[in-house]
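> Protein chains in written order, with the UniProt record's numbering: chain Z, 1 to 239; chain P, 1 to 239; chain H, 1 to 239; chain D, 1 to 239; chain X, 1 to 239; chain F, 1 to 239.
Just so you know, these hints were derived from the structure itself, not from any lab. The structure presented is a predicted model; accordingly, all values stated were derived computationally and were not measured. Some hints could be false.
The list makes no distinction among identical chains, and a pair is therefore deemed to hold if it is satisfied within one copy or across any two copies.
[Said to hold, decoys possible] Only pairs whose alpha carbons sit at most 25 Å apart, straight line, appear in this in silico DMTMM-like list of lysine to aspartate or glutamate:
#, residue 1, residue 2
1, LYS146, GLU185
2, LYS147, GLU206
3, LYS53, GLU110
4, LYS146, ASP181
5, LYS146, GLU171
6, LYS2, GLU90
7, LYS152, GLU228
8, LYS57, ASP181
9, LYS57, GLU110
10, LYS152, GLU45
As a plain string of letters, each chain reads:
Protein chains: 6
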Amino acid sequence: MKRPSGRAPHQLRPIRITRNYTRHAEGSVLVEFGDTRVICTVSAEAGVPRFLKGQGKGWLTAEYGMLPRATGERMAREASRGRQGGRTLEIQRLIGRSLRAALDMSKLGENTLYVDCDVIQADGGTRTASITGAMVALVDALAVLKKRGALKGDPLKQMVAAVSVGIYQGEPILDLDYPEDSDAETDLNVVMTDAGGFIEVQGTAEGEPFQPEELNAMLALATQGIRELFELQRAVLAD
Amino acid sequence: MKRPSGRAPHQLRPIRITRNYTRHAEGSVLVEFGDTRVICTVSAEAGVPRFLKGQGKGWLTAEYGMLPRATGERMAREASRGRQGGRTLEIQRLIGRSLRAALDMSKLGENTLYVDCDVIQADGGTRTASITGAMVALVDALAVLKKRGALKGDPLKQMVAAVSVGIYQGEPILDLDYPEDSDAETDLNVVMTDAGGFIEVQGTAEGEPFQPEELNAMLALATQGIRELFELQRAVLAD
Amino acid sequence: MKRPSGRAPHQLRPIRITRNYTRHAEGSVLVEFGDTRVICTVSAEAGVPRFLKGQGKGWLTAEYGMLPRATGERMAREASRGRQGGRTLEIQRLIGRSLRAALDMSKLGENTLYVDCDVIQADGGTRTASITGAMVALVDALAVLKKRGALKGDPLKQMVAAVSVGIYQGEPILDLDYPEDSDAETDLNVVMTDAGGFIEVQGTAEGEPFQPEELNAMLALATQGIRELFELQRAVLAD
Amino acid sequence: MKRPSGRAPHQLRPIRITRNYTRHAEGSVLVEFGDTRVICTVSAEAGVPRFLKGQGKGWLTAEYGMLPRATGERMAREASRGRQGGRTLEIQRLIGRSLRAALDMSKLGENTLYVDCDVIQADGGTRTASITGAMVALVDALAVLKKRGALKGDPLKQMVAAVSVGIYQGEPILDLDYPEDSDAETDLNVVMTDAGGFIEVQGTAEGEPFQPEELNAMLALATQGIRELFELQRAVLAD
Amino acid sequence: MKRPSGRAPHQLRPIRITRNYTRHAEGSVLVEFGDTRVICTVSAEAGVPRFLKGQGKGWLTAEYGMLPRATGERMAREASRGRQGGRTLEIQRLIGRSLRAALDMSKLGENTLYVDCDVIQADGGTRTASITGAMVALVDALAVLKKRGALKGDPLKQMVAAVSVGIYQGEPILDLDYPEDSDAETDLNVVMTDAGGFIEVQGTAEGEPFQPEELNAMLALATQGIRELFELQRAVLAD
Amino acid sequence: MKRPSGRAPHQLRPIRITRNYTRHAEGSVLVEFGDTRVICTVSAEAGVPRFLKGQGKGWLTAEYGMLPRATGERMAREASRGRQGGRTLEIQRLIGRSLRAALDMSKLGENTLYVDCDVIQADGGTRTASITGAMVALVDALAVLKKRGALKGDPLKQMVAAVSVGIYQGEPILDLDYPEDSDAETDLNVVMTDAGGFIEVQGTAEGEPFQPEELNAMLALATQGIRELFELQRAVLAD
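Let the hints inform the model, and build the full structure from the sequences given.
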């Protein structure tokens with residue numbers, strides 16, 4: 001088996017996380033998984049949605065978008081079509097759940113964090129890149145809130161990162177780019193904490209159904225890849 | 001550990017599938033997983049969406065809805081709010097992918113199958129009940145199409161069924177009802193083929209992250225539960 | 001003249017009203033006029049719309065929908081089209097006005113009743129079946145509110161029921177099913193109180209205009225039919 | 001009983017119909033029922049909606065709107081709210097059905113007539129004024145189409161006109177203005193042909209239910225009023 | 001050069017402003033620039049939008065619409081299409097900005113003025129006619145508010161009027177009608193105060209780019225034309 | 001007078017145009033006017049909109065968007081609000097008109113060019129930066145189309161660039177950043193061709209009206225600034 005990308009099965013693409021990528025947001029990161037490039041910002045606003053009012057807790061919500069020509073063919077702009085598609089809603093719900101798992105909301109105070117992940121260039125794995133990058137922007141945003149005295153403690157429970165794995169020509173591979181993803185039999189997105197637990201596991205058989213042992217092989221590959229991503233996050237945040 | 005429902009950890013709720021539930025659709029089923037009740041219809045129309053035209057293949061697409069008072073609190077009607085929510089879109093995409101896995105589209109001819117799953121009463125597990133019930137309606141619809149001479153062979157590759165599993169007070173349990181689902185630490189939806197492969201595996205940690213061995217225990221439970229569902233589908237279709 | 005249904009001109013279809021059809025709503029009924037089947041729920045919520053705030057009065061509002069394949073041909077789901085059609089809005093306005101006529105709002109307290117009529121299977125007369133069935137669900141819902149101590153007296157002023165009549169091949173007939181309705185020259189929907197007054201009279205000439213004497217003959221037929229419906233409502237509520 | 005308007009019970013408001021009110025439309029009329037003023041245009045376009053293609057028949061469809069400050073309180077503009085309300089849709093469906101009753105579609109050729117009724121100033125009875133005025137614009141539009149050689153005969157089967165009647169302080173009155181309408185117990189809109197048949201009868205009890213004899217008294221009053229409207233239409237068209 | 005309209009280059013069309021055109025609005029005007037006819041109403045409501053609350057200042061906002069057959073070809077009704085087009089939004093923003101320039105908001109009190117400009121018949125220059133006519137309706141509305149004691153002084157800082165100019169066959173012309181506008185190389189809309197300053201200058205090269213000296217010639221023509229419009233406004237308001 | 005930015009009145013911000021910024025689009029540029037950063041892509045698709053079919057001509061259309069946190073305060077995402085705002089539509093119409101002025105559509109062949117300008121970071125002047133940057137992406141896209149043999153000649157008639165000017169504390173200044181723009185009395189956007197003609201001139205008095213001589217001073221400043229921008233475009237394209 002040879003990957004279209006030429007990478008070894010367990011090899012991540014070159015990953016880059018650039019902090020303070022834009023100026024206005026409390027946290028702002030450009031994350032690159034190879035040719036996949038996503039701007040992740042975290043914006044803090046005082047106040048919480050109605051269903052949380054008066055409970056002394058905070059909230060985090062996420063939105064996801066792609067520039068129309070982030071992809072090989074131009075896709076219609078969702079703002080001009082007048083609605084977000086099912087894929088967009090599915091992804092932004094995943095990002096929101098994943099990052100909420102990183103936080104202790106009772107220490108966030110009555111603040112809302114808006115995570116915006118906007119894909120500038122897509123080459124597979126945009127949702128997992130978004131989670132991994134937004135996690136860094138989230139840490140930066142919490143530091144800003146702390147300086148403002150807006151927190152009731154340290155809301156950061158754990159780090160979160162994500163990667164995709166798949167079965168390609170019968171073998172598990174890590175961090176699929178678009179050509180690999182298009183041909184893979186199975187596609188699995190995995191979100192983990194730095195303590196080694198799973199937050200989300202979403203696997204889909206595109207062609208043939210997958211077997212328990214294939215699932216386990218993919219999860220092992222994902223676990224290893226995410227461990228590398230945690231190191232990278234730590235290194236970037238240490239700068 | 002005692003389940004709120006009083007069931008044993010590996011015990012399904014009483015499942016009932018009533019065929020020919022309504023009169024107009026090519027396939028029409030009422031599926032009940034305990035108090036969860038869903039009407040599943042399959043409607044066949046000649047022709048395919050534009051992206052498939054001229055390829056001699058068919059298509060299947062799914063939509064999902066809940067009656068406003070299917071739930072404990074009345075929810076705003078999506079038709080009057082003017083858009084389907086993210087949860088709805090996510091579920092109907094899952095149903096569509098799952099049922100497409102049952103079919104060989106090249107034998108369906110240029111026909112489109114519309115699967116509609118409408119929840120009359122919700123008590124947890126509506127998406128997995130929808131898939132399991134709609135599979136039966138799909139078989140009935142194919143029989144109607146066959147009689148009409150609209151098929152190019154037998155499009156049915158395999159049966160598909162689905163169930164939810166979770167971790168409740170540290171233990172894996174099968175087929176969660178709403179009170180169990182609300183308190184579970186982890187929620188996992190599993191879609192399988194009758195040959196024993198996975199079509200979809202979607203797990204979410206609601207509270208604590210889950211570990212690989214917990215995932216495997218849940219998958220084993222799901223595999224056993226789905227086996228029972230396949231027997232039930234077969235028995236119902238044999239009538 | 002022979003009706004397609006084989007019924008006598010003044011003969012209703014078999015009518016069935018099943019109370020407590022679903023579990024969550026304050027009132028919940030399945031109403032069947034022959035093959036027309038509608039789920040009617042009444043949901044009570046504390047509070048009133050803004051235009052009524054502070055007046056000590058309650059409110060009732062209605063919504064109507066059809067499952068996509070309730071009809072012979074599948075109709076696009078209004079939730080996914082992003083708007084309710086004119087027919088839907090017209091019918092739900094009619095249901096709301098009709099049921100409000102049954103109530104003394106000043107005794108309802110500051111509560112809002114949401115009536116949802118969802119057609120599972122359509123065979124003509126869905127709006128009149130909805131009104132007749134929802135009236136029973138409304139009585140049940142009021143009993144629940146009374147037990148909760150949420151009322152300021154008995155808001156039930158009078159019972160309301162509805163039926164369709166028409167001119168078919170020159171003769172007035174009662175309670176048209178779909179094939180009769182499609183061929184009728186005139187279609188008239190009548191809503192009455194159990195004291196014998198009219199709440200709504202909506203007649204439309206589909207083909208030839210109708211004459212005053214035809215209108216009176218249809219109204220007489222409707223009056224008789226609705227009297228039977230009131231007996232049926234009473235019998236069902238007495239159980 | 002004294003009407004707020006000071007009119008006798010059977011007395012219409014001053015009615016004026018101004019033809020060729022605007023320049024572009026095939027038919028264009030300003031209709032005034034007292035202070036109610038509506039611009040009615042009829043626009044002809046070659047072609048028919050998809051469901052009629054290839055049948056050699058024409059079609060007529062109607063739309064209705066109010067300028068935001070046509071009423072005592074400004075109402076939000078439907079174009080900026082992003083949807084037409086239920087009342088609007090109900091009225092434009094009524095106008096469309098009423099005017100289609102005037103035409104033999106098989107003689108219209110494959111043309112579509114768009115009737116637009118836009119209320120400039122509202123003082124009760126806008127829907128019946130719209131129908132009565134649009135009928136005149138329709139005759140003018142047919143004359144234009146005839147000159148263009150676009151017709152397959154004379155599509156005009158009969159004239160149509162409409163008026164509202166009601167029960168006010170226990171007595172039937174004709175052609176209610178807004179203050180009368182607000183206080184009436186019953187409101188009845190009647191559409192008739194010049195041959196004396198009913199096209200639409202839509203009665204609603206706003207307060208007390210109405211009795212058959214009240215309905216008949218109202219219909220008699222409407223019949224007389226509409227007869228006057230037909231004379232007026234004829235006089236205006238003769239100019 | 002001969003204008004299609006036969007007018008001299010610096011000649012306005014016949015302008016008419018009819019006050020109190022409809023009955024309900026605080027200010028209501030029919031403005032006619034030749035065959036262009038627009039109803040302008042100004043509606044006053046107590047209260048201001050949220051972003052202004054508690055500042056003791058008022059607000060003015062504008063909306064613009066066209067009747068579907070105001071134009072040579074019928075245009076789809078924006079209310080039924082479900083959104084206002086870009087041209088509509090652009091024009092109503094221009095009208096709002098222009099009329100706000102006439103007012104000292106701090107003297108308006110916490111009132112909101114809604115300006116509605118609805119084009120009954122279009123023949124070029126609808127936006128500039130709207131501004132010029134709405135200005136008169138605004139003065140009338142302020143007089144009503146003054147009588148009600150709702151003002152904190154005289155909010156009227158200055159009068160505002162607008163006209164279009166263009167380059168037609170190489171020469172600047174004033175107040176273009178539709179045929180002239182369609183053929184003009186450049187189209188320039190100018191809004192001025194009666195003290196002679198510019199509020200808005202919006203020029204677009206439809207064909208060839210325009211030169212500074214052409215711009216200045218057009219501005220001179222506009223200045224002269226707007227001076228005539230101010231005289232006309234004054235005369236109308238003096239009646 | 002001292003500009004908040006410290007720049008001389010006639011001084012542009014540092015301008016940077018980075019070609020080939022993303023990989024998929026036929027033309028793709030990152031344009032920076034100081035802290036204002038916009039991604040401009042040009043996508044080519046075969047075919048034209050319906051109103052142009054069969055004329056052998058091409059078309060260019062533009063869309064504009066801002067990332068939610070491109071600004072100081074996070075703005076709601078237009079895709080999730082379900083409609084583009086008036087400002088967005090106004091700007092994208094301006095961009096489209098400006099770039100169409102650069103092209104001879106008859107030489108473009110039946111191709112449509114989609115220009116997408118997405119603001120990553122806003123600091124004033126986003127619309128003029130968009131036009132200036134998209135012009136470069138357009139040239140690159142035309143080169144790609146030429147290589148593909150999709151053109152019928154060279155469609156590039158002239159270069160186009162744009163800048164904003166304003167009156168700040170009584171003096172004309174060039175290329176306003178956000179703090180300058182917020183305080184300026186007048187804001188003028190100017191689009192020119194490299195032959196020195198005006199394509200668009202859009203001036204708005206935010207505070208005091210502006211005088212003809214102020215307008216001329218601003219235009220002179222804009223002309224000089226745009227000349228620098230043309231040099232910059234040329235230099236960038238020469239690389």
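> It remains to establish, for every hint, whether it holds in the given structure.
Status of each hint after checking the structure:
no., hint, verdict
1, LYS146 - GLU185, "neither (46 Å within a copy, 30 Å between copies)"
2, LYS147 - GLU206, "neither (47 Å within a copy, 30 Å between copies)"
3, LYS53 - GLU110, "both (8 Å within a copy, 23 Å between copies)"
4, LYS146 - ASP181, "neither (40 Å within a copy, 32 Å between copies)"
5, LYS146 - GLU171, "neither (46 Å within a copy, 38 Å between copies)"
6, LYS2 - GLU90, "neither (31 Å within a copy, 33 Å between copies)"
7, LYS152 - GLU228, "neither (31 Å within a copy, 50 Å between copies)"
8, LYS57 - ASP181, "between (39 Å within a copy, 23 Å between copies)"
9, LYS57 - GLU110, "within (5 Å within a copy, 31 Å between copies)"
10, LYS152 - GLU45, "within (15 Å within a copy, 36 Å between copies)"
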